[in-house]
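Participant: Listed below are the residues making up each chain.
There are 2 protein chains.
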Amino acid sequence: MSNEESISHALTVKWKLWLEHDGNYVFGRGAYEILKAVDETGTITEGAMRLGMSYRYAWGVIREIEKKLGARLIETHKGGTVGGGGARVTELGHRLMRIFARVSEQFERVAGETSEKRS
Amino acid sequence: MSNEESISHALTVKWKLWLEHDGNYVFGRGAYEILKAVDETGTITEGAMRLGMSYRYAWGVIREIEKKLGARLIETHKGGTVGGGGARVTELGHRLMRIFARVSEQFERVAGETSEKRS
Chain Z
1 MSNEESISHA LTVKWKLWLE HDGNYVFGRG AYEILKAVDE TGTITEGAMR LGMSYRYAWG
61 VIREIEKKLG ARLIETHKGG TVGGGGARVT ELGHRLMRIF ARVSEQFERV AGETSEKRS
Chain E
1 MSNEESISHA LTVKWKLWLE HDGNYVFGRG AYEILKAVDE TGTITEGAMR LGMSYRYAWG
61 VIREIEKKLG ARLIETHKGG TVGGGGARVT ELGHRLMRIF ARVSEQFERV AGETSEKRS
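First to last, the protein sequences are chains Z and E. Sequential numbering from 1 applies to the first sequence in our numbering. Sequential numbering from 1 applies to the second sequence in our numbering.
Misleading hints may appear alongside valid ones.
Note: identical chains are not told apart, hence a pair may lie in one copy or across any two.
Claimed, not checked - Here are the computed lysine to any residue pairs in the SDA-like style, where the Cα-Cα straight-line distance is at most 20 angstroms:
| no. | residue 1 | residue 2 |
| --- | --- | --- |
| 1 | 78 | 18 |
| 2 | 14 | 24 |
| 3 | 16 | 28 |
| 4 | 16 | 102 |
| 5 | 78 | 63 |
| 6 | 16 | 104 |
Calculated directly from the structure, the hints in this document are not laboratory data.
Extracted from the complex, chain Z is given alone in its bound form (with noise of 0.2 angstroms):
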């Protein structure tokens, strides 16, 4: 293998993902994987505790996104079972998740189709 060659092999493709609005970062995989935990388990506490986070940063995060937009991606909820309460991603949370999950899986398919076949 020639010395081009191998230096070839050796590269991987990196990438780095986020929303914008109106020009402003609003949203990376920090977000996104807190409310994907947060949806998994219902509550704030466990999705951050999944995540190894404390709650008050996990709700900090989402605090901040929220301010920027104007608008609520988890709505809390007190529950009427023991240790009750709760947390639901709303329609709009909803939609940044799968927006972000969508976009990744297919650069994550593009910069593993080029790791594969260099040319």
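Chain Z is fixed; fit chain E onto it per the hints.
Facilitator: Showing chain E alone in chain Z's frame:
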């Protein structure tokens, strides 16, 4: 249009792409633009000028990558004509350009499609 819909329409998908070699950043949009300009003009001086950069800066960016990879991206030669000399992008340089351009085009397409049909 609901608030959520209008937010959704003001969102743009943004991304950054780069290549890593053995886990280290080596090649991004800046380097791509420099190689492209050198390739098209045939000299580093004119290539840099076209991009509004100094010769020194453009050449510095490329030299840095060459050091990391231990291989040349640009080869210079003394010309015989007036003002002589010129620069040529190596086969490795062309490979990096091709990978970067191919992935960029596909990312652009994915991001564009997503911006059109939000859900």
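Participant: Run every hint past the structure and note whether it holds.
Facilitator: How the hints compare with the structure:
no., hint, verdict
1, 78 with 18, "neither (32 angstroms within a copy, 46 angstroms between copies)"
2, 14 with 24, "between (22 angstroms within a copy, 10 angstroms between copies)"
3, 16 with 28, "both (9 angstroms within a copy, 12 angstroms between copies)"
4, 16 with 102, "both (14 angstroms within a copy, 17 angstroms between copies)"
5, 78 with 63, "within (19 angstroms within a copy, 61 angstroms between copies)"
6, 16 with 104, "both (9 angstroms within a copy, 12 angstroms between copies)"
In summary, the structure is inconsistent with hint 1 from the numbered list given earlier, while agreeing with all the others.
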